[in-house]
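So the protein sequences, as listed, match chains A and B. Throughout the first sequence, residue numbering follows UniProt numbering, covering 1 to 316 in sequence. Throughout the second sequence, residue numbering follows UniProt numbering, covering 1 to 339 in sequence.
Check the hints yourself; a few may be wrong.
Chain B is nowhere near these chain A residues, computed Cβ spacing over 10 Å in every case [stated by the list, open to error]:
#1 Arg63
#2 Asn102
#3 Ser149
#4 Pro230
#5 Arg276
Covered stretches of chain A, as calculated for chain B (at least 3 residues, CB under 8 Å) [unchecked claim]:
#6 34 to 42
#7 75 to 88
Keep in mind the hints are simulated off the structure, nothing from the lab. Yeah, the Cβ is synthetic: ideal placement off N, Cα and C, and Gly gets one too.
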Amino acid sequence: MSTDSIRVRVSGIEQVSPLIREFTLEAIDGEFLAFSPGSHVVVEMPAEPRPHRNAYSLLSDPRDSGCYRIAVRLQEQSRGGSVYMHESVKVGDELTITPPANLFAPNWNAGKHLLLAGGVGITPFMAYLPELKRRGADFELHYLYRGSSTGAYREQLKAELGEQCFLYDSEAGERCALGELLAEQPRGTHVYICGPEELIAGVREVTEELGWPASHVHFEAFAAPQPGNPFEVELSRSGRTVKVDGETTLLEALEDAEVDVPHLCRGGVCGQCVTRVLSGDIEHRDEFLSAAEREQGDCIMPCVSRASGKRLVIDL
Amino acid sequence: MRMAPKPIQSFRDDFTYSNSPGAVARFPFPFPEDEYMYSVNIEPHVTPGPEGSVYEHLLDIDEHYLSEMHERDLVLKENPKRCLAMPHMDLACWDMIDRVMHCFSEDYPEHFKLTKAGDQWSWENKLLNINDSFTFGDSSTLPLPPMEYIGRQVQGDFALLDQRDGDLFMDAGIVTCPADWSLAFDAGMGFKEWHGPVPMAHEMGIFDRALKYLCAIPLGRPVRRLNWTLTVNARMDTSPETYPSWGSDRASVTPENVGEKVHLRVELQVLDRMSRSNALMFSIRTYLISLEDLVTNPEWAKRMHRVMKGLPEQLIEYKGLTRFHPLVVEWLSKYDPAN
C-alpha cells in the first residue's frame, strides 16, 4: 500500500450544492496518471484514532492529468469520512490517495449510453461526458436530485448538453418514469446507474422485466462497511488473536494490529483483499465472490464481510 | 556491456538466428521443478528486476531486436491482417504508445528518446532510424495506424484486451510470432473462448480464477507468467496462417539433428493495466534457444530431460510435439545422470 499511495495537496474547495463539496487535488511528487472514465480513488484522511479511507469517483476530464477532482456529499449516517472532508480539510492540506482504479467503465461498443445519476452519483458521469463527446457517442443523461441538498453541476450540465440532459428535482415533484424511459430505448443501449441503492434496484427490476441482457446494465455497487457483532480472529501463521469490535471492519482491525493486507476499494468490489479462511462461519457482504465461492466458505473479503459467529481463523 | 542489438539474422529459410553466450545465460528457463503441470503461475512483474535479466525492465530488448523487427516487417508484408485494431481501441493503442515510449526512453536511453511539450511528442528510435513528431491522441498525425506504428518497434507480440462485462476481449494487437494461434481468429473473442483449445485447465477451474485475477489488475502493478513449447528450427512465425510452410518441419527431426533443430520456445507474458482506456496490455515476448545451447547449462539439461519425459500425453498432443517428442527425450537422456 505505502509504495502505491500518492501524496496530494488540496488546491481548491468549492461548495457545489448545499450538501456537496468539491475538492481539487494536485500531485505533490511528479504528475498524476491519466485515468479512464468511471475511475475512483480511495482518499486517506489522517483522523484519530485511525485514518478514514473512502472511495470517491474522479469527476475531472480523464485526459487532463493536471489535477484530480472529487465531490463529497455530507452523509448524516457517516462513519466519519465525509464529515472529516467537510469540516476538517482546508485548502493547502495534504492527503494521500490510491492510484485510480476502475470498476465502472463505459462499454464503448454500446449503440447508445443512458446515464442515470442520483444525487452525488453524478460524479463518475462528469468524467464520462468529455470522453463520450470526443468519441461522438450517442448518449443521454438523466439526473435525479433534491434541490435543497444535492443537484451539483446541474446548470452547467444543462447548458453544455442541452436536450441530452434531463433534470428531475424530486422536491419540485419532478419524477423520472423509469419504466417508460427504459422501454423506449433502442436495442443495443447500455444503461449506467450511479446513485442510491433504491435507484439501482429500480432500474435492475425494470430492465429485467423488459428482457435487457445483464451485460447492458452497469452500476457501481460499493458497499459502505456496516457495523455488526464483535468477534475474534486468529492469525494462523503467527498464532496471534485480534479482536474486531462491532463498529470496526476486519480489515481495519488487521491494519490496527499492523497486519498488511493488500486492498484497493474497501467496498467489497475490487477483490484485492481476499483472504483465506481456515475455520469459522462467514457473513459475506461483498459483491466480489461468486455464489459458489461463498458456498465453499474458505474466503472472506475483510473490507466489508465479518464472522457470523464468535471466531474466525484466517491464513495470515 | 548490456545486450547490444546484433546485425539482422533470419528466422526463416536459412535460419541464421543464434544466441550469444550472454543471451544463453539470461534465457528465461521456465521449469522450476522436474515435473511440469499447469498452474496459475502468475506473479507480480516488479521492476527493476535483477540487472541484465529478462525481468529487469517492463519490456525487454535484447540482441535480437533488429532481427525481430525485420522478421515482423516480412510477416506484415505477406499478411497485413496480422495487425488489427477495432475502432473502439484507438485510445488503448495510444495508451500502449505512451507506455512503450516512456519505458523504452527511460530503460534504454542510449537507443530511444522521447521529448514532450504538452500533446506535442517527438520520438527518436536510433536503432531503426525513426524520428517522428506527432500530436498525442491524434492518429492522423502518425505515419501508420497507432498499433502498427508502435508494434513495429517492440520485440514480441502484443494484444490489447478490452475489459467489459467481467471478461477480456482481444480487440487489438500485432501478432507475427505466435506459437500456433491467430489474432484474426481470436479477435473479438472473450477470455474463455480463446483459451478453448487448452486441455485439462478448464476442468481445473483455472480460467475462472485467472480471469477474475486479471480483471482486477490495478494500474501500475503489472503481472507476468511464462509459457513454453518446442519449435522445430528457429522459426518465430509459427502461425496457423502459415502452417503449410512450417508444419512439415516436424518430420525433419532426426536423432542426428535434434540438438540443433529443436528449440525451446519460451514466452514471457506480461499484463499491464492501461490508464486512459482501462484496457490490459498483453505482451508476449518470445525467446528461442536450441537444445544444443540449452544443455550447456547442466542443471537445465537434467531438468529438461525429466520434464519432457514426464509430460502428459494430452499436453504432448496439444503442443504439437507428438512427432518428435520421443527423439527429444532420447537425446536429452544422456545429460541426466539419473539415467
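Looking back at the numbered hints, which does the structure fail to meet, lowest number first? Structure breaks hints 1, 2, 7.
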